[in-house]
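**Student:** Here is what each chain is made of, one letter per residue.
There are 4 protein chains.
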Amino acid sequence: MFSFPVTVRYMEVDAQGVVFNGWYLTYFDEAMAGFFNHGGLPYQAMLDAGFDVQLVRSEIDYKAGVRWGDPIVVNVSASRFGRTSFVLDFQVRRSAEPGAEVCTNGRTVYVVVHAKEHTKREIPDLIRNALGEPDPLF
Amino acid sequence: MFSFPVTVRYMEVDAQGVVFNGWYLTYFDEAMAGFFNHGGLPYQAMLDAGFDVQLVRSEIDYKAGVRWGDPIVVNVSASRFGRTSFVLDFQVRRSAEPGAEVCTNGRTVYVVVHAKEHTKREIPDLIRNALGEPDPLF
Amino acid sequence: MFSFPVTVRYMEVDAQGVVFNGWYLTYFDEAMAGFFNHGGLPYQAMLDAGFDVQLVRSEIDYKAGVRWGDPIVVNVSASRFGRTSFVLDFQVRRSAEPGAEVCTNGRTVYVVVHAKEHTKREIPDLIRNALGEPDPLF
Amino acid sequence: MFSFPVTVRYMEVDAQGVVFNGWYLTYFDEAMAGFFNHGGLPYQAMLDAGFDVQLVRSEIDYKAGVRWGDPIVVNVSASRFGRTSFVLDFQVRRSAEPGAEVCTNGRTVYVVVHAKEHTKREIPDLIRNALGEPDPLF
Numbered sequence: 001m002f003s004f005p006v007t008v009r010y011m012e013v014d015a016q017g018v019v020f021n022g023w024y025l026t027y028f029d030e031a032m033a034g035f036f037n038h039g040g041l042p043y044q045a046m047l048d049a050g051f052d053v054q055l056v057r058s059e060i061d062y063k064a065g066v067r068w069g070d071p072i073v074v075n076v077s078a079s080r081f082g083r084t085s086f087v088l089d090f091q092v093r094r095s096a097e098p099g100a101e102v103c104t105n106g107r108t109v110y111v112v113v114h115a116k117e118h119t120k121r122e123i124p125d126l127i128r129n130a131l132g133e134p135d136p137l138f
Numbered sequence: 139m140f141s142f143p144v145t146v147r148y149m150e151v152d153a154q155g156v157v158f159n160g161w162y163l164t165y166f167d168e169a170m171a172g173f174f175n176h177g178g179l180p181y182q183a184m185l186d187a188g189f190d191v192q193l194v195r196s197e198i199d200y201k202a203g204v205r206w207g208d209p210i211v212v213n214v215s216a217s218r219f220g221r222t223s224f225v226l227d228f229q230v231r232r233s234a235e236p237g238a239e240v241c242t243n244g245r246t247v248y249v250v251v252h253a254k255e256h257t258k259r260e261i262p263d264l265i266r267n268a269l270g271e272p273d274p275l276f
Numbered sequence: 277m278f279s280f281p282v283t284v285r286y287m288e289v290d291a292q293g294v295v296f297n298g299w300y301l302t303y304f305d306e307a308m309a310g311f312f313n314h315g316g317l318p319y320q321a322m323l324d325a326g327f328d329v330q331l332v333r334s335e336i337d338y339k340a341g342v343r344w345g346d347p348i349v350v351n352v353s354a355s356r357f358g359r360t361s362f363v364l365d366f367q368v369r370r371s372a373e374p375g376a377e378v379c380t381n382g383r384t385v386y387v388v389v390h391a392k393e394h395t396k397r398e399i400p401d402l403i404r405n406a407l408g409e410p411d412p413l414f
Numbered sequence: 415m416f417s418f419p420v421t422v423r424y425m426e427v428d429a430q431g432v433v434f435n436g437w438y439l440t441y442f443d444e445a446m447a448g449f450f451n452h453g454g455l456p457y458q459a460m461l462d463a464g465f466d467v468q469l470v471r472s473e474i475d476y477k478a479g480v481r482w483g484d485p486i487v488v489n490v491s492a493s494r495f496g497r498t499s500f501v502l503d504f505q506v507r508r509s510a511e512p513g514a515e516v517c518t519n520g521r522t523v524y525v526v527v528h529a530k531e532h533t534k535r536e537i538p539d540l541i542r543n544a545l546g547e548p549d550p551l552f
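Protein chains in written order, with our numbering: chain A, 1 to 138; chain B, 139 to 276; chain C, 277 to 414; chain D, 415 to 552.
Hints in this document: simulated from the structure, not taken from any laboratory.
Note that the Cβ used here is the ideal one computed from N, Cα and C, for glycine as well.
You may find that some hints are simply not true.
Claimed, not checked - With the C-beta cut set under 8 Å, the calculated list includes, among others, these residues of chain C facing chain D:
#1 N297
#2 Y338
#3 R370
Excised from the complex, chain A in its bound form (with noise of 0.2 Å):
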């Protein structure tokens, strides 16, 4: 597991007091990036090799709101494998303190696509080493 942590900005905070629900997938936008950065392929790197990946779904659960000044961490890991795509989970806590309130839970499915033509690939062993083994966080 590798955990990500956010700045909440105040202009992402809604009338309501609470960070409004698109910004969660902002944050697991670049959880992601730095997730794949952990597991030593930067983006860049990725591209740079041919690879691109592709969001085709997400799901959020959204079970406490945050707030600005909250010092968020977005936990990641990958979840499950298939031959094109993968399957990232992220966790939104409270904080990063052990046992921190769970703030929203996220999946997202991607697919691995050629840099440039953006057609489907077999995930390569350099995004499957980097992704680690699967390991879901809910």
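Go by the hints and put chains B, C and D onto chain A.
**Tutor:** Structure of chains B, C and D alone, referenced to chain A:
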């Protein structure tokens, strides 16, 4: 079914040239309010009656990218009703023309809460009537 | 003068209940493209002709907060022309009604560049004609 | 001078490959809160003391585009004090390294208001001390 036009903004298009995934939740949010309004219940009137709705789950399937200038519409329909929760279906189409390409499917679950205390409430007739009969979009 | 309607989104309203300041630059950006389009030069046609415009300076005066649901318009006009640069004035009004409250004034400076090389170019007739006569809004 | 690190997000980069202009105001907003915090006055403490600040004017000069992954910092300093208003200078640099390229200069004017009534107030010592001596950045 209700059809809500959305103006795609240049800044919503990312470096890949298509709308960034998180913006679809913004489109759905506006379409939801438009749908209530269309059903005779402006959001403020719902709040004034003592009710609010909270998003608890989102699902999005990305089918085709949307570009700046695409005259997209978001079709909206209620697809299921529970005791305190209901489900809305959203479908982004490339344009308002009949048979226009489906770009994105979305499904979101809301619970009805007391506008001030934020505790769950049974769906009142006010909301039930505004949403109409269940009619899944996909 | 050209008047561009803007749909304020719920997520653009911050915890203070009014549109967050950064969104006005988004509104101006869309209004700029709409202004060019209105002048007979869709943005893509400008690019196809080998020209692009780059923002070099923005000024914004915030007069009154805008709220979700306010049917605002952004009035646009060219206010000054240099050799390679021009200035656009933007004025956000509470609604399209004559005499509606001024919420925000904006002034932005653009330079004309080669669409590919991004080097400065004298303002071509194509752009000059689309923008019309200088007519400051404030 | 105070230096505030900003994580540029992928979704903030537009189709031209650089950060969209409106996001700089978001960066300045976060840097402003960070600056107050650094000066010993967390935003919430200011509100609790009965004061708030309202943005009345922004100026931005765009010098060079910022890209995803650039480890930018926003330098902040107070540059002028009036009776009820003060001016902050912001300077975005390509990185935290000494002499790093200047990407953007910003200057914003705030007025001090009563936290609840939103009427103007003379700058209290609380705020004056947190902001330090005037020290223009450009």
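**Student:** Could you run down the list of hints and mark each one as holding or not?
**Tutor:** Status of the hints after comparison with the structure:
1. Given hint, C:N297 at the interface with chain D, holds; its Cβ is 5 Å from that chain's nearest Cβ, closer than 8 Å.
2. Among the interface hints, the one on C:Y338 holds; its C-beta lies about 6 Å from the nearest C-beta in chain D, closer than the 8 Å criterion.
3. For C:R370, the shortest C-beta to C-beta distance to chain D is roughly 18 Å, which exceeds 8 Å, and the interface hint is violated.
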